[in-house]
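Novice: Residue numbers (the numbering used here), protein chains in the order written: chain A, 1 to 729; chain B, 1 to 92.
Hints may contain errors.
Quick list of the computed label-pair ranges, beta carbon to beta carbon [what the hints assert, rightly or not]:
no., chain 1, residue 1, chain 2, residue 2, range
1, A, I292, B, D43, 54 to 64 angstroms
2, A, V479, B, P23, 28 to 38 angstroms
3, B, D43, A, T491, 21 to 31 angstroms
With a cut-off of at most 30 angstroms between alpha-carbon atoms, the simulated DSS-like pairs for lysine-lysine come out as follows [said to hold, decoys possible]:
no., chain 1, residue 1, chain 2, residue 2
4, A, K48, A, K702
5, A, K619, B, K67
6, B, K67, A, K350
Source of the hints: derived by calculation from the structure; they are not laboratory data.
No residue lacks a Cβ here, since even glycine has one placed at the ideal position from N, Cα and C.
The primary structure of each chain is shown beneath.
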Amino acid sequence: MKSNSVSGRKIRIALTGNPNSGKTTVFNAITGSHQHVGNYPGVTVEKKIGSRRFEGNNLEIVDLPGVYSLTPHSAEEVVARNYLIEEKPDVVIDIIDSSSLERNLYLAIQLLEMGVPLVLAFNMSDVAVSRGIRIDIEKLSRLLNVPIVPTVGSRSRGIDELLQTSVNTAGNTNGTRGLVIGYGPEIDAELDGLRQLISADNGAAPGRRRRWLALKTLEGDREIEKLAEWKDVFNTPDLRDTVENAASRLASSLEDSPEVHMAESRYAYISDIVRETVSSAVEQKRNMSDRIDSIVTNRVLGLPIFLGLMYVVFQLTFTVGEPLMGWIENLFGWLGGLIESNWPSDSALKSLIEDGIIGGVGGVLVFLPNILLLFLAIAVLEDSGYMARAAFIMDRLMHKIGLQGKSFIPLLIGFGCTIPAIMATRTLENQRDRLTTMLVAPLMSCGARLPIYTLLIPAFFPRPWHGIMLWTIYAIGIVLAIVIAKLLRSTALKGESAPFVMELPPYRMPTPKSVLLHMWERGRLYLRKAGTVILAISIILWALTTYPQKTVFDKDYDAAIDRIQLNYNAELVSSDLNEDAVQAFLDKQLAAVKREQQAEAMAYTAAGRIGHWIEPLIKPMGFDWKIGTALIGAFAAKEVFVAQMGIVYAIGEEAEEADALRQRLQASYTPLVAFCIMLFCLVSAPCMATIVVTGRESNSWKWALLQLGGLTMVAWILATAVYQIGSIL
Amino acid sequence: MNGSTEIALPNTASSSILRGPLPLALSHAGESFRITRINGSRDLKEHLSALGLTPGVEVVIHCNDRKGPVIVGVKGSRLIIGQDAALKIMIE
């Protein structure tokens, strides 16, 4: 190994590895906070890039998507493979789960065949050791002709050694002829023929690549041809003919497609090597993982345990979240008060900051603890390995709806925020499964709708009913999701489900660091939404609800207020009621007058007018124009509904007094209407941000609009039906 | 005694006598099998092959209640295989 100790080198490192191999943990251990996320052009696969200084070198590290193989069956695999070919990183690190060696080596073998400068990181080596797996790393390294470094990513062990080895290997392409595996007489013959043809045609493909190219072509890899580098190579008619002939010869002489046979050969090769270098203690039949599983995946106990766990998770987020939420609420209240007292003049800017920004964005951030707690719980379940068991248990039920076990995790995330939920559908390979899951994900009542429920439920329903009402709303969401999913899968998205094949990792003790990291990965999407979309919308809505300002009123409110004041003074002198009672009476009267004035002002504003305009549409549901304006705001982001209601009912005053708002609402509406509002908000179009994400992830605006229109229509029909029927009863 | 012989057929309902290929979905937990062939689409076969499931490979059945997905041990680690796919993987 040549060691280049010239300092100040810029080295580009690519991280690959199976999903679940701890790749992300190693990436974080290497880069710390010096990382950012982007997108690969044209696809919705996340691109994570980080940087690190090491021994005077500047390392740029790209975390490629987790893949099992480099054959282009999924977007992730294509992205990973193309990056390696087109970007030609200086060195590739393959993160390997040492406790699942053979399957993880499948990717490594393919990388070796590609001939890229490679280092293998045998991660989770602590788990392997504890399971009695002993790997002769030196021998393995010799046999494969690749450096191997044992690591424990979750404890940042072996990272420096890994980086040192990588730096030494970087750019070292001489001598790597690329691993050559025998694929059996039929395939090898065709390979040779193809390879000679490729080298004969042009020098574009360097030596070690020719065999690999021939391999890919035989596999039936169509993506290879699209890469600019090799367009010329593949454009020759001779090559095309030869490939076709080879393919048909193989089709008749082989039982399965070439790719399957190649997989067999690769695994056989791996098997041989592993036999020589790995010794595992006789697998204890009843180790801890198994014992837990026998209970958790038990036919009878599995589902109740799962439901129980879900219940605990939700209870946790609500109960632990509440004091935290209160804390944030107070913070914003204090902030508002600070501005009120230090900003004497009643200017538009002040109102904007107080009502618009603090009111709007504050309303969103209050629910951050709740959402983060949910994501934390999910991260713990995922990292410990339980999620795979949950998917296993849910698979049967999900099948009845037309989905599969893997759809379950995105739906669970949807209870926090729909945006990361939709992104989580990436693990579903089947487009139909994925689309269906994306379209019903918004029905998992997200954290943003919670403010609406916590505002309305205590206002309209007696205490003992609070819990039940909340669960009812959530349950309705779930039931509707089931119905709609079934409907979609039997009509527009009809077809076979993808085969449900998923790795079942052994149980692991999640580390606080990785759990918090995973929680943050999803949580920051919610925050980003708050910081951008909701902030912008809050400002727009504030403008809509303030302007145009009415200066000349129909009724002379100032005169009315003066009159009431006079009455008060008179009462104070003449009556024998105590001062407090008179004061209370006065306050009530003043409030009533002020409200009237606000209503008039509101009706005059843009928002008010829109609300009036759509009133006929929403009247069948029992809504009035005030709710209408709030719903318009809610389209931007659900949380805004509450802020909007606050503004509609109390412009110019502190709108954080939720109880005051509840009282006013109670005065204006019935419980039935409140229920219909919640129902409508639950089902109708998800916030704008969600629609955008759906459009991006599904690569088609058709589906995003269907999500928007379809759900709103269902919401309308449902709320109308409930209101009409409810009014009759 | 007449010229015909009666052939007594083995009781094929008992899986312990069954020698022919059996789909993974019908296997019993706790036993080991070898994959003989995989039916189904090319996509499915290629998808499974990347995870190590190809003809000739040995699998251990860890969990199978015949009503849902199967948990198998292959190549030293475990996979959950849904019923649809499990019906297409033939073992013996």
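Novice: Within a Cα-Cα threshold of 30 angstroms, do B:K67 and A:K350 meet the stated pairing?
Specialist: Violated: B:K67 and A:K350 sit about 64 angstroms apart, past 30 angstroms.
Novice: Quick check: does the Cβ-Cβ distance between B:D43 and A:T491 fall within 21 to 31 angstroms?
Specialist: Holds: the Cβ-Cβ distance is about 24 angstroms, inside 21 to 31 angstroms.
Novice: Is the hinted pair A:K48 and A:K702 satisfied, with a Cα-Cα distance of at most 30 angstroms?
Specialist: Measuring from Cα to Cα gives roughly 29 angstroms; hence the hint holds.
Novice: Would the pair A:K619 and B:K67 pass a check requiring their Cα atoms to be no farther apart than 30 angstroms?
Specialist: 49 angstroms, violated
Novice: Just to be sure I understand the hint, the distance between the Cβ atoms of A:V479 and B:P23 should be within 28 to 38 angstroms; is that true here?
Specialist: 34 angstroms, holds
Novice: Within 54 to 64 angstroms or not, the Cβ separation of A:I292 and B:D43?
Specialist: 34 angstroms, violated
Of the numbered hints given earlier, the model fails hints 1, 5, 6; all others are met.
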